[in-house]
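Colleague: Read off the chains here:
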Amino acid sequence: MDIKFDRIAAILFLAVAVLFIIGSRSIASSSYGSVVGPDIFPFFLGIMLAILSIRLFYETFNGKKQEKKNEKLQYKPFLIVLIATLVYILTLESVGYVITTFVFLFVCFQTMERAKWLTSLIIAGCFSGLVYFIFVEVLKGTLPGWPIWF
Amino acid sequence: MNTLDYLLHGFGTALIWYNLLFAFVGVLIGTAVGVLPGIGPMSGVALLIPVTASITGGLPPEQAATSAIILLAGVYYGAMYGGSTTSILLNTPGESSSVVTTLDGYQMAKKGRAGSALSIAAIGSFVAGIVTLIALIALAKPLSDLALKFGPAEYFSLMLLGLGAVSGLAGKSVTKALIMTVSGLLLATIGIDNVSGIGRFTFDIPWLYQGIEFLTIAVGLFALGEVFKTILEKEEEDTQMAKINNLLPSKEELKESAGPIARGSILGFFIGILPGAGATLASFFSYILEKKISKDPSKFGKGAIAGVAAPESANNAASGGAMIPLLTLGIPGSGTTAILMGALMMYNVQPGPLLFEDHPQVAWGLIASMFIGNIMLLILNLPLVKVFAKIIQTPKQYLIPIIIAISIFGVYAVQVSVNDLLLLVGCGLVGYFLNKHDYPIAPLVLGLVLGPMIENNLRRALTISNGDFGPFFTRPISLGFLIMTVLWLVIPVIMKMRGKSVVINEEA
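Heads up: the sequence lines are chains F and L, in that order.
Here the numbering used here is used: the first residue of the first sequence is 556, the next is one more, and so on.
Here the numbering used here is used: the first residue of the second sequence is 257, the next is one more, and so on.
Just chain F, with the same shape it has in the complex:
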């Protein structure tokens, strides 16, 4: 158990709980024909979450300190993939599915292992092309296919 993470998580959960409790107070307390309004359920849940997160915070004091495992995390490829994913999502609607998917896949393939760029190109091309063809041409689905300025 990582005590630091649990403490921060407990505080965050408590904050969420308090926000939900406050938020549920501003919802109408009854609906037509019933004494039970839409506010009761989230209100009770908020209180439960608050109690549980306080309990979690309390538990972190009893927890035994564990030796931290020294694991090497691969931050660099992860960050590249994460940023590539975000760029992919945000450009999807303007640049279109085929081009963004192709670029995204190629970047990720190369990030994971820098070798065989030709294979990467082919797989990325096949995937984006095939998905677009099958989904839009065969199944008549909606995808932004090509750049909007085309």
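Nothing false has been slipped in among the hints.
Here are the simulated DMTMM-like cross-link-like pairs (lysine to aspartate or glutamate), alpha carbons at most 20 Å apart as the crow flies:
(1) L:K490 with F:E668
(2) L:K692 with F:D557
(3) L:K485 with F:D557
(4) L:K485 with F:E668
(5) L:K428 with F:E614
(6) L:K652 with F:E668
(7) L:K551 with L:E508
Derived from the structure by calculation, the hints contain no laboratory data.
Position chain L relative to chain F; hints supplied.
Modeller: Positioned in the frame of chain F, the structure of chain L alone reads:
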């Protein structure tokens, strides 16, 4: 119409060519999911929901729901078959439910009996699959008749029991599991309240009016979370694959494993019905049982065939048993069945006692397709096991980006909204950190799926009693469920206090 007629109609549905194809694709992907260590049945099913939704888009709603659920259920039980392959050949379980299989399976492979181990695992899974299906057919009608007599108070307590059971058994800390459950329920309250029509926690943002989409959360937390984990915690493995000599088990081996398969099937089935306990627990318990009743317990761990036959039958039986509360009561007992339920609800098919009356095509079509799917798996697995074992060698550098691309495509195809994609990536990050620190994710998804139903039943019950909480405790069935919920949550805590180790369900 009696049960047999319904079943025959079900076969009529399941034998339509495209449904056969869906079942085949489902079990094929399921086996692959089972073999690949990175992807579990939960993320496999979650990932495929949007894909099947777009493929079945052209069919009429009820047929689309049938075909989709046939494919998704195929992935679920197919994964149970596939999980054993890598456990036996490589000593790396593809699923948490096949961890126990490595104990004896890998030892058998080392001694050159990999073929018999694999075929016994496949035969055991098949027998278990058929046994649970027969039990499912026998129990479906009486259970849904019983459930029809339930009022809102009973339903509320029953769902509470489901949530309590999953939280009590998921992960190392009950507190953390409960936090995840309550968070799931809270997330479910976002959106327009469907009783009063008042927007809750929407902050007047139109995107939030329809609520947080279950699909986005499930794909993000499970599939993307696991992908991020694989990228961050890259492991270099070089494992030697055991050779497969003769595939068919000898008569003696068959005779030796008949008992374990039968016991494993029955035990697994009953564990599967229980909410919260899933395939992992079932395989674990059946292994212990075999070891206890064996004449020569020292053989276990050194390549006893019973140590492969029993857990492999049990995990498949449990996955079938878990379908019973889902289909008859409308209460999913595990993470994967919660996702299946979410998929059904996307098609406006509400699982529960009325499923068998309102949508007999869906319910019986699914049951019949499970028969066919199990036969397909047996045929696929025996001769093609070498091909499947090769799947594990799929280079991760291609697999991982493609999983991300499929999740993004799937969510966008169903939701057509960039906001959902951002939420998806956010959920992936949150899922990775939560999982890393022992916050179980299955209860959250279960809470998200059950949230609206729990709330509606609570409010209906309270409206009937004019705001009085009494009926929950005075109606006997409801009280029984509530007592069971409390016991389920309290007993593991007490056992932990006494220093006993409690078996937990890593993933359902």
